[in-house]
Amino acid sequence: MNLPTFWFCVVALFWLGFLFLEGFDFGVGMLLPVLGRDEATRRVMVNTIGPVWDGNEVWLVVAAGAMFAAFPAWYAALFSGAYLPLLVLLIALIGRGVAFEYRGKVHTDRWRRGWDRVIVTASWLAALSVGLVLTTTVLGLPLDADGNRVGSPFAAFRPEVLVGALAVAGFALLHGSIFLTLKTEGDIRTRARRFGLRIAPVALVPIVALLLVVQLREGHAWTWIPLGVTVLAAVGGALRLRAAREGQAFALLGLTVVGLAVTLFGALYPDVLPSTLDAAHSLTVRGAASADYTLTVMTWVAGFGAPAVLVYQSWTYWVFRRRLGTRHIPPVHQP
Amino acid sequence: MDVLGIARWQFGITTVYHFLMVPLTIGLSVLVAGMQTAWVRTGDRKYLAMTKFWGKLLLINFAMGVVTGLVQEFQFGMNWSAYSRFVGDVFGAPLAMEGLVAFFVESTFLGLWIFGWDRLPRKVHLGCVWAFSLASIVSAYFILAANSWMQHPVGVRIVGHKPELTSIGAVLTNPTLMAALPHTIAGCFAVAATFLVGIGAWHVAKSAADDRYRPMWRASLKLGAWVGVLAFGALAISGDTQGKLMFQQQPMKMAAAEALCHTEQPAGFSIFAYGDVSNPNCESVKTLDVPYVLSFLATGGFASKVEGVQDLVPQYQAKYGTNYPNDPALGALAGKPVDYVPDLPVTYWGFRLMIGFGALAALAALGTLWLTRRGRFPRTRWFPRIALLAIATPYLANAFGWIFTEMGRQPFVVAPNPTGVDGVWLYTAQAVSPGVTSGEALTSVIALSAVYAVLAVIEIFLMARYVRAGVAAVLPDDTDQPTDVLTFAY
Numbered sequence: 001m002n003l004p005t006f007w008f009c010v011v012a013l014f015w016l017g018f019l020f021l022e023g024f025d026f027g028v029g030m031l032l033p034v035l036g037r038d039e040a041t042r043r044v045m046v047n048t049i050g051p052v053w054d055g056n057e058v059w060l061v062v063a064a065g066a067m068f069a070a071f072p073a074w075y076a077a078l079f080s081g082a083y084l085p086l087l088v089l090l091i092a093l094i095g096r097g098v099a100f101e102y103r104g105k106v107h108t109d110r111w112r113r114g115w116d117r118v119i120v121t122a123s124w125l126a127a128l129s130v131g132l133v134l135t136t137t138v139l140g141l142p143l144d145a146d147g148n149r150v151g152s153p154f155a156a157f158r159p160e161v162l163v164g165a166l167a168v169a170g171f172a173l174l175h176g177s178i179f180l181t182l183k184t185e186g187d188i189r190t191r192a193r194r195f196g197l198r199i200a201p202v203a204l205v206p207i208v209a210l211l212l213v214v215q216l217r218e219g220h221a222w223t224w225i226p227l228g229v230t231v232l233a234a235v236g237g238a239l240r241l242r243a244a245r246e247g248q249a250f251a252l253l254g255l256t257v258v259g260l261a262v263t264l265f266g267a268l269y270p271d272v273l274p275s276t277l278d279a280a281h282s283l284t285v286r287g288a289a290s291a292d293y294t295l296t297v298m299t300w301v302a303g304f305g306a307p308a309v310l311v312y313q314s315w316t317y318w319v320f321r322r323r324l325g326t327r328h329i330p331p332v333h334q335p
Numbered sequence: 001m002d003v004l005g006i007a008r009w010q011f012g013i014t015t016v017y018h019f020l021m022v023p024l025t026i027g028l029s030v031l032v033a034g035m036q037t038a039w040v041r042t043g044d045r046k047y048l049a050m051t052k053f054w055g056k057l058l059l060i061n062f063a064m065g066v067v068t069g070l071v072q073e074f075q076f077g078m079n080w081s082a083y084s085r086f087v088g089d090v091f092g093a094p095l096a097m098e099g100l101v102a103f104f105v106e107s108t109f110l111g112l113w114i115f116g117w118d119r120l121p122r123k124v125h126l127g128c129v130w131a132f133s134l135a136s137i138v139s140a141y142f143i144l145a146a147n148s149w150m151q152h153p154v155g156v157r158i159v160g161h162k163p164e165l166t167s168i169g170a171v172l173t174n175p176t177l178m179a180a181l182p183h184t185i186a187g188c189f190a191v192a193a194t195f196l197v198g199i200g201a202w203h204v205a206k207s208a209a210d211d212r213y214r215p216m217w218r219a220s221l222k223l224g225a226w227v228g229v230l231a232f233g234a235l236a237i238s239g240d241t242q243g244k245l246m247f248q249q250q251p252m253k254m255a256a257a258e259a260l261c262h263t264e265q266p267a268g269f270s271i272f273a274y275g276d277v278s279n280p281n282c283e284s285v286k287t288l289d290v291p292y293v294l295s296f297l298a299t300g301g302f303a304s305k306v307e308g309v310q311d312l313v314p315q316y317q318a319k320y321g322t323n324y325p326n327d328p329a330l331g332a333l334a335g336k337p338v339d340y341v342p343d344l345p346v347t348y349w350g351f352r353l354m355i356g357f358g359a360l361a362a363l364a365a366l367g368t369l370w371l372t373r374r375g376r377f378p379r380t381r382w383f384p385r386i387a388l389l390a391i392a393t394p395y396l397a398n399a400f401g402w403i404f405t406e407m408g409r410q411p412f413v414v415a416p417n418p419t420g421v422d423g424v425w426l427y428t429a430q431a432v433s434p435g436v437t438s439g440e441a442l443t444s445v446i447a448l449s450a451v452y453a454v455l456a457v458i459e460i461f462l463m464a465r466y467v468r469a470g471v472a473a474v475l476p477d478d479t480d481q482p483t484d485v486l487t488f489a490y
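In order, the protein sequence lines correspond to chains A and B. Sequential numbering from 1 applies to the first sequence in the working numbering. Sequential numbering from 1 applies to the second sequence in the working numbering.
Some clues are possibly wrong.
Unchecked claim - Per label pair, the in silico range of CB-to-CB distance:
| hint | chain 1 | residue 1 | chain 2 | residue 2 | range |
| --- | --- | --- | --- | --- | --- |
| 1 | B | THR380 | A | VAL332 | 33 to 41 Å |
| 2 | B | VAL40 | A | ALA308 | 20 to 28 Å |
| 3 | A | ASP144 | B | ILE237 | 46 to 54 Å |
| 4 | B | PRO121 | A | GLU185 | 43 to 51 Å |
Source of the hints: derived by calculation from the structure; they are not laboratory data. Ideal Cβ placement from N, Cα and C applies to all residues, glycine included.
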């Protein structure tokens, strides 16, 4: 495998890590009004992701950084072309991050209700806009020969791209509810499971639709395999959830997102961002890549850095492995 | 306004705003790690109270630093796609390294530190705060490596009109970076130090003589004063090194810092100017000069020559051309003459305000040391007020420093390296995203500025609330809780 192709896989891997980890973060935020009936349960929910959401978000930072370093032309064309979805994503991530940190800092209902609204809205917007950006890079933008978007700022908001936004949001809802069944106890755990079962068929529709759109427009013969795996894993996850095997359900949802990422990026390859105007203007893995020296340097850094990240992030999940319930939540002593 | 103007405003707003949060995070996290170390080693509750109190303020601040940093990373692609394409082979690498090597550590270990008080053995938990705080410095190193390359490109060759990385070692040991890093980190400690002094002074003045936490407030005050004095010493020394590098690497920026029109030998340092600094024929400007000082700042000798703006312009024109390329992407600027002189009022006053506010903050730290000498408690009524006000001074000095150094490199976004490879430079006007509409850019700058403004109010409100509440809010006495209740939860 040549270096640009290797780095295309690395970028895909960072996106996969981000979708898998931040997927349940987004889901927990989106489910706050559905499953968090009172203040104590809402605090349980927020605290299941409290120690980890920030580390999970770095996967996005590194995915973007890796695109910049390894494929400057891809980074430049996608980020300037999908400007508005990225702006929404930024504002949503700002709101979410601050809301988690600030929601418990003042002891009044009004304060917490305000931040809860921010968490819910921002989690929805973040999941939808991540879906938009990701689907945009797979399905393409109207690019000219220099890789610049021509035409409307709303070029990314096409129906088939919006399906991608719904797919990521649906995945986050399902993933988030299964995560909550794993991380909580008592009433909230039961209700998370019930909600997950109810949402699963709805969430699957845009995921399957996205996979088919991508496969039929860009796919290769071999990408039918990950496509099939994705669908089977998602269905299997829902079935295991019904059997109350939460760990297995979560693992199958993990396999779903692996299949999803492999299908999307596999179908995209050897392009990184197709032009919808003229195939000759499409950005390719080879054409958009940095020189081999830069890629070699980055390979060394990622070769040592990424495994270390996996080790200490796994350790974090081990440290905070305990299920949370309302009985674990300390009393408020904020000013 | 065109996309270029909007994108430049956005960059300025985002950077200055982000750098309001970053220095406190970096400086205070190291100091909090020190406090927690003192607690682990001595078991003295005073140090635990310090760790908890300052740690809480650190967390209120940290969240904002993280989320505003995302905008920093994304805006290169969004607003400056032509720049990203031009420099991507070099510039993306330090940014990606920052994420992989530093930011991951920072975010993960911060989570472990916040929530790990009852989950981790004491020493492991202490290790987490050190990992977090040192990673924030490593993070600053990589970001400054990227920025320094824009000021002084090294380690590249030109392949097909674009720079291509030939030596990552050169980029990571750029002399500009080696001077900027200590200066910036010292600026971070200056912020944290005056923060400790201001809030410590207020609490010392407010607490009764028998208050159990009074010694803790005094210790914080004293720590802040010492760190402040050291930081300002380091700022002066590293700033001097930077001045000498700037004289060699970006002579126009040096002249612009002084609004020095004509070459002088020996050159005096202007303390104050009245009249129109931006007037290119300078005769209308009267400045109050200290003789020889600029020569010394620039070269280390008292009689050396410092070139003025008017003598530098023809040199720049000869080296980099008199006109912008006739490229339609440049819009109204295509084919027009290049103005090689940065915005002189901004650079001249930016430089002075940076030094002036820095000096005020240094005075506050020195004054505090004097007032707390040999076990004393400051008694004057004006001291806590001045100390609280002084918190703003290093923030302002940092902001003006960045404005100076970024505006001083205009009209370039990648300033040419006079001893480097020919052709590695880029005008700011060429860097902006060609496909982005002014509507998009305007939406972005308005939306983000509005969010920033609201969040600034909320952060200051929360900080003030926690400062006023003191230790009681962060270190409750109720130690008889059932053991399976979390000691910390959102």
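Comparing the hints with the structure gives:
At roughly 38 Å, the beta-carbon separation of THR380/B and VAL332/A lies within the given 33 to 41 Å, and the hint holds. A hinted range of 20 to 28 Å for the beta carbons of VAL40/B and ALA308/A is consistent with their spacing of about 25 Å. As the Cβ distance of ASP144/A to ILE237/B is approximately 51 Å, the hint placing it in 46 to 54 Å holds. About 25 Å separates the C-beta atoms of PRO121/B and GLU185/A, a value inconsistent with the hinted range of 43 to 51 Å.
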